[in-house]
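Trainee: Listed below, chain by chain, are the residues.
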Amino acid sequence: MEAHSSEVFVIGLTVFFLACIIGYYVVWSVTPALHSPLMGVTNAISSVIIVGAILAAGPQGFDTSKIFGLIGVVLASVNIFGGFLVTYRMLSMFKKKTKKTKEKE
Amino acid sequence: MVAILYLISALLFIFALRGLSHPESSRMGNIFGVIGMIIAVFTTLMFKSVLSYYEIGAAILVGGAIGSFIALRIEMTALPQLVAAFHSLVGLAAVFVAAAAFYDPVAFSIGKVGSIKTASLVEMSIGTFIGAITFSGSVLAFGKLQGTISGKPIVFKFQHLINALIFLLIIFLIVLFLINQSPTIFWTIVIVSILLGFLVVIPIGGADMPVVVSMLNSYSGWAACGIGFTLSNNLLIITGALVGASGAILSYIMSKGMNRSIINVVLGGFGGEQDTSASKDNSDKIVKQGNAEDAAYIMKNADSVIIVPGYGMAVAQAQHALREMGDILKKEGIEVRYAIHPVAGRMPGHMNVLLAEANVPYEEVLELDEINHDFPMTEVSFVIGANDVTNPAAKTDESSPIFGMPILDVEKSQSVLFVKRSMATGYSGVDNELFYRDNTTMLFGDAKKMCEDIVKSLSA
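Top line first, the protein sequences correspond to chains U and Y. Counting from 5, one number per residue, gives the positions in the first sequence under the working numbering. Counting from 10, one number per residue, gives the positions in the second sequence under the working numbering.
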């Protein structure tokens, strides 16, 4: 990561707007039946913020910043594991008519 | 190399969302998401500055264990509060990451303590602000959904004015923060933002909760974006934007399902005030009451039944008994389908998950615009725990607060069965004229108990 300059910011902004457009189209294609799993997945992936927490927790020794980073890692991990697992549970319930419906009984 | 790995991770996240376009591809999508996250974490661990593997590993294990434990044990009816709780953690994590960047800017290459670059400070403040709002708003939403706090909207005088003033105060604090970079100001921003988060969610309640949950989903994304800009990290920016867009679209769909603008929902207070104006005197009207045997008889003699579930079904945990009822009817050769209103339940898609949990095949579960034109050809509509979403007043009565809301046309079917606890109005406080029609039979009682009784009568 290089030093901050207005150019870096503009690149970030470009990425941001393009990602918003992709997000717009991808999310509209999600079937309404799966809107709850969608929230589960978005919840899990928004915890990619763990990347920032790991960077803060990275250096050796102990200071304020590192403690904040570690707390961030814990919080984000709860979400990552929780989010993906709960989504997995939801999705494994959506079954087709023919097969498997009877097995669970 | 790092940038490439982050890019792959971001692409996998996009595929994860794309997979949700169909239940068949959705499981693969979730796996893409997991792989994306693993790549992101390991790529970051490879950074030269990251050395304390044990501490980080322990933190991941602790968080992961807590998250897994909760996710595996949670009841599907409690999903909305779980999601709200998870959103609050994203918000809080964003605040902590911003704080860490503020205390150790060198680790993030954004300057030195006391002389952080202004651009980074702006982005940091925005990330902190949105993160803190997401945190407190979600905590309150969790309390409302869980029932710890009254779910009713709380409205008071000058509410919007106060919120606006607090917002201006935050902008002022951020400007001050840019000038003196003081930790005191940083934490003041955090505290005032937390306060604003509470105030923003407090006037919203009841059936507006799906919008709140979606909105907070969106905020958690924008918070991640703010941190992404602070760290100049494209992966965070992309993911944050995806999540932000997703939450915003869900909020839009939910508000449209209630024929209200997002602004209107956000300003809140719906349902609290209208109660009095809408309570027309219906005491002299006659309601036809029935019991489980009547319902069983009516449905047994029909060719087609459409089941309309609502939040009441979730509260009573009636989905399994309901599916059992549906199965018996199907064995009798009756066509059974389920109609889902966009705002049924307390979060988007809540009903679909509950029915899926009860092993209802998803082909039988249809959305409003897929099934609405079938009601005139249907003999029986079985409404369980839903009310406002079937109220014809939304189409006919211009003075009704729910006028214009898209509804399921159950009144067009030959007969309607209403499973309800009592004659109470829905969250909108509007009386439902359907209750008094000749072809309507009211089945009073607990939704689960009623379904079980109908099953007994059907198999007798």
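If you are wondering where the hints come from, they were derived from the structure by calculation, not from laboratory data. Each hint should be verified, as a subset may be incorrect.
To be verified - In the DSS-like style, the derived pairs of lysine-lysine whose C-alpha atoms are separated by at most 30 Å in a straight line are:
1. U/Lys-100 with Y/Lys-340
2. Y/Lys-457 with Y/Lys-161
3. U/Lys-99 with Y/Lys-297
4. Y/Lys-458 with U/Lys-99
5. Y/Lys-465 with U/Lys-99
6. Y/Lys-339 with U/Lys-100
7. U/Lys-99 with Y/Lys-265
8. Y/Lys-339 with Y/Lys-265
9. Y/Lys-297 with Y/Lys-457
10. Y/Lys-294 with Y/Lys-309
11. Y/Lys-309 with U/Lys-99
12. Y/Lys-421 with Y/Lys-309
13. Y/Lys-309 with U/Lys-100
14. Y/Lys-265 with Y/Lys-297
15. Y/Lys-309 with Y/Lys-297
16. Y/Lys-404 with Y/Lys-421
Trainee: Compare the structure with each hint and give your call.
Mentor: These are the hints, each one checked on the structure:
With a C-alpha separation of about 18 Å, the suggested pair U/Lys-100 and Y/Lys-340 falls inside the 30 Å cut-off, and the hint holds. Restraint check: the Cα-Cα separation between Y/Lys-457 and Y/Lys-161 comes to about 25 Å, which is no more than 30 Å; the hinted pair holds. The hinted pair formed by U/Lys-99 and Y/Lys-297 fails the criterion: a straight-line CA distance of about 38 Å is larger than 30 Å. Annotation: proposed proximity of Y/Lys-458 to U/Lys-99 holds, straight-line Cα distance about 26 Å (limit 30 Å).
Between the alpha carbons of Y/Lys-465 and U/Lys-99 the distance comes to roughly 27 Å, so the proposed pair stays at or under 30 Å and holds. About 16 Å separates the Cα atoms of Y/Lys-339 and U/Lys-100, which keeps this hinted pair within 30 Å; it holds. For the proposed pair U/Lys-99 and Y/Lys-265, the alpha carbon gap of about 29 Å is at most 30 Å, so the pair holds. The straight-line distance between the Cα atoms of Y/Lys-339 and Y/Lys-265 is roughly 34 Å, outside the 30 Å bound, and the hint therefore fails.
For the proposed pair Y/Lys-297 and Y/Lys-457, the alpha carbon gap of about 21 Å is at most 30 Å, so the pair holds. With a C-alpha separation of about 29 Å, the suggested pair Y/Lys-294 and Y/Lys-309 falls inside the 30 Å cut-off, and the hint holds. A hinted pair counts as satisfied when its Cα atoms are at most 30 Å apart, and Y/Lys-309 with U/Lys-99 qualifies at roughly 26 Å. A C-alpha spacing of about 19 Å is found between Y/Lys-421 and Y/Lys-309, which places the hinted pair at or below 30 Å, so the restraint holds.
Restraint check for Y/Lys-309 and U/Lys-100: satisfied, since their Cα atoms lie roughly 25 Å apart, inside the 30 Å limit. Restraint check for Y/Lys-265 and Y/Lys-297: the C-alpha separation of about 33 Å exceeds 30 Å, so the hint is violated. Distance restraint check for Y/Lys-309 and Y/Lys-297: the Cα-Cα separation of roughly 19 Å lies within the 30 Å cut-off, and the hinted pair is therefore satisfied. With a C-alpha separation of about 13 Å, the suggested pairing of Y/Lys-404 with Y/Lys-421 holds against the 30 Å cut-off.
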